[in-house]
Amino acid sequence: MKYSVDENGFYGRFGGAYVPEMLYPNVEELRQNYLKIMAEPDFQEEMQSLLRDYVGRPTPLYFARRLSEKYNTNIYLKREDLNHTGAHKINNTIGQILLARRLGKTRIIAETGAGQHGVATATVCALMNLECIVYMGEVDIQRQAPNVARMKMLGATVVPATSGSRTLKDATNEAIRDWINNPEDTYYIIGSVVGPHPYPDMVARFQAVISEEMKAQLLEKTGSENPDYVVACVGGGSNAAGAFYHYLDTPEVKLVAVEAAGLGIDSGESAATSVLGKEGIIHGSRTLLMQTEDGQVTEPYSISAGLDYPGVGPLHAHLHQSGRAIFESITDEEALQAVLELTRLEGIIPALETAHALAAIGRLGAKPNDVVVINLSGRGDKDLATYLDRFNFDGK
Amino acid sequence: MENRIQQLFAQKPEGLLSVYFTAGFPNLEDTVPIIMELEKNGVDLIEIGMPFSDPLADGPTIQQSSEVAIRNGLSIPKLFEQLQDIRQHTQIPLVLMGYLNPVMQYGVERFLCKASELGIDGLILPDLPLSDYVREYKALFEQNGLSNIFLITPQTPEQRIREIDTHTNGFIYMVSSASVTGTTTGQSVTNTAYFERVSGLGLRNPGIIGFGIHNHDTFTQACNHASGAIIGSAFIKALTKAGSLEENISTFIQSIRQNEIA
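Quick note, the sequences are listed as chains A and B, same order.
Take 1 as the starting number for the first sequence in the numbering used here and just add one per residue.
Take 397 as the starting number for the second sequence in the numbering used here and just add one per residue.
A partial selection of chain B residues facing chain A, derived with a Cβ cut-off under 10 Å:
| hint | residue |
| --- | --- |
| 1 | P456 |
| 2 | L496 |
| 3 | P522 |
| 4 | L526 |
| 5 | S527 |
| 6 | P553 |
Derived from the structure by calculation, the hints contain no laboratory data.
On a predicted model such as this, the values are computed, not experimentally measured, just so you know.
Where is the CB? At the ideal position from N, CA and C, for every residue including glycine.
Construct all of the structure, not just a fragment, from the sequences and the given hints.
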């Protein structure tokens with residue numbers, strides 16, 4: 001496996017565990033145990049049964065007829081939006097909560113951007129009767145109010161991150177500080193393929209169920225496991241990691257990672273890390289990140305809270321640098337148009353994050369016989385306030 | 397050849413007061429005046445904080461002073477410019493403390509050469525892993541006469557403490573409890589079992605206790621268990637009081653030392 005993590009926790013030159021000593025024992029405990037625990041038959045059995053009966057897996061692979069007609073190709077939507085809690089995030093939180101329990105941890109912390117990971121974490125904590133604290137940027141708390149309400153209803157404590165840009169990056173800082181302050185009883189459920197090793201690899205493995213199912217479903221529907229394109233949006237990159245995972249070593253499958261251009265790549269208000277970032281250290285990982293010449297992390301911007309992150313997972317940095325994945329970036333405006341397009345053509349309201357992947361379809365150059373899979377990572381309920389504000393439905 | 401940190405511990409093995417402050421705070425050009433005042437007031441060792449936008453191991457006080465310093469225009473090149481002639485004015489041991497990313501962007505090798513040229517004695521980079529240090533940077537630190545100071549915590553296993561002790565040659569920074577900087581919930585430094593466990597290991601490097609040390613009592617308690625103590629957040633808070641830099645610094649240091657002879 002050319003693109004999987006090496007024994008030191010690196011993807012090519014990216015990854016590793018650049019953490020202060022205070023976090024070393026926690027990260028080391030996880031590193032020594034995650035593969036062993038994940039391989040235990042009773043762990044697998046419990047996880048598979050929850051994914052099936054509680055989350056609702058496998059999620060459908062839906063042939064989007066009208067969307068396909070419009071782009072004159074064959075588009076399939078991997079319906080992660082139909083998971084319990086409305087996004088792919090719960091694939092990972094189910095896995096990590098079972099791991100946390102086996103490590104004897106009683107207090108769960110998480111960071112969240114759009115709130116999807118926070119909701120997915122609060123959900124599994126309710127299910128397992130564990131204390132749950134979610135850090136969320138003050139700005140995101142305002143723009144994702146429904147998810148804040150859901151977390152509270154599920155019994156979680158939502159703590160506003162008030163430092164820096166008051167978005168996902170700062171929520172992650174606060175969660176890490178909480179973990180430093182509570183090293184014995186606390187487990188940190190990271191929501192994306194970011195952070196120190198082993199998190200990027202562990203989260204990718206929990207999300208890999210997406211491409212595992214895709215292969216079987218494509219074989220049944222098209223006669224081949226392999227599509228021509230797999231397209232996913234990338235903030236930290238967990239849904240993309242899951243959608244790409246089983247295709248990483250299949251070069252004929254083109255992998256397309258779609259970042260948020262915000263108001264435009266050159267506008268100064270963007271979150272397109274692969275274009276604007278350079279190599280550095282963020283949240284314990286060596287990866288591409290947006291920063292000043294002096295190495296200060298810059299504040300990204302995207303209309304989508306889930307893509308509003310100045311870094312990208314080390315796997316994706318490696319896929320970018322090695323050329324294995326194609327990186328596209330989509331503006332706020334293009335994403336909003338894609339929301340409306342999918343809603344009106346297929347009757348599916350996607351999340352803002354997901355809409356970035358949808359907006360890239362026209363750029364693929366897909367041919368009429370090509371098979372394109374879009375990872376429909378989340379549904380748009382949480383974004384309704386933004387949609388109502390941006391689209392004028394009166395008179396339409 | 398010994399650097400000033402090693403000389404200090406040889407001359408004065410106990411009761412050391414080390415002070416951390418954020419360079420470029422409260423005002424951009426306060427860096428050198430603060431160093432001079434600290435020396436005048438009998439501080440033994442100074443840690444100059446290089447501000448970073450995302451200081452994971454720091455509490456709100458150092459986060460905020462870092463934000464202000466960055467906004468004031470403090471960068472690594474600017475700091476080096478400020479420290480250009482520092483060794484013409486003081487021989488106090490100086491340590492630079494910061495996070496790895498800004499140092500990486502400056503260029504690690506270039507950074508170490510420049511620091512050495514300016515007369516810096518050591519570095520604390522909390523997110524530089526021990527394994528990376530040993531593999532990639534140890535030789536460079538040694539060539540430049542710089543001590544690399546590592547942190548240990550109550551959770552650090554004995555074997556790892558011994559490994560750290562092997563690879564460092566200044567002092568070991570003993571984090572007093574599981575916390576970020578600036579946590580002052582207790583009025584005392586109570587982790588006696590941990591301090592005794594570490595002093596019982598017979599390490600070749602002296603230890604200094606930091607995190608949560610904020611007044612005379614906590615300073616004295618820490619000194620009972622190690623060669624000295626480090627004060628950061630409490631000092632930074634003192635800098636923002638009404639009054640001149642000189643007054644604030646001398647009042648604060650006197651409150652820590654009280655009747656002790658500096």
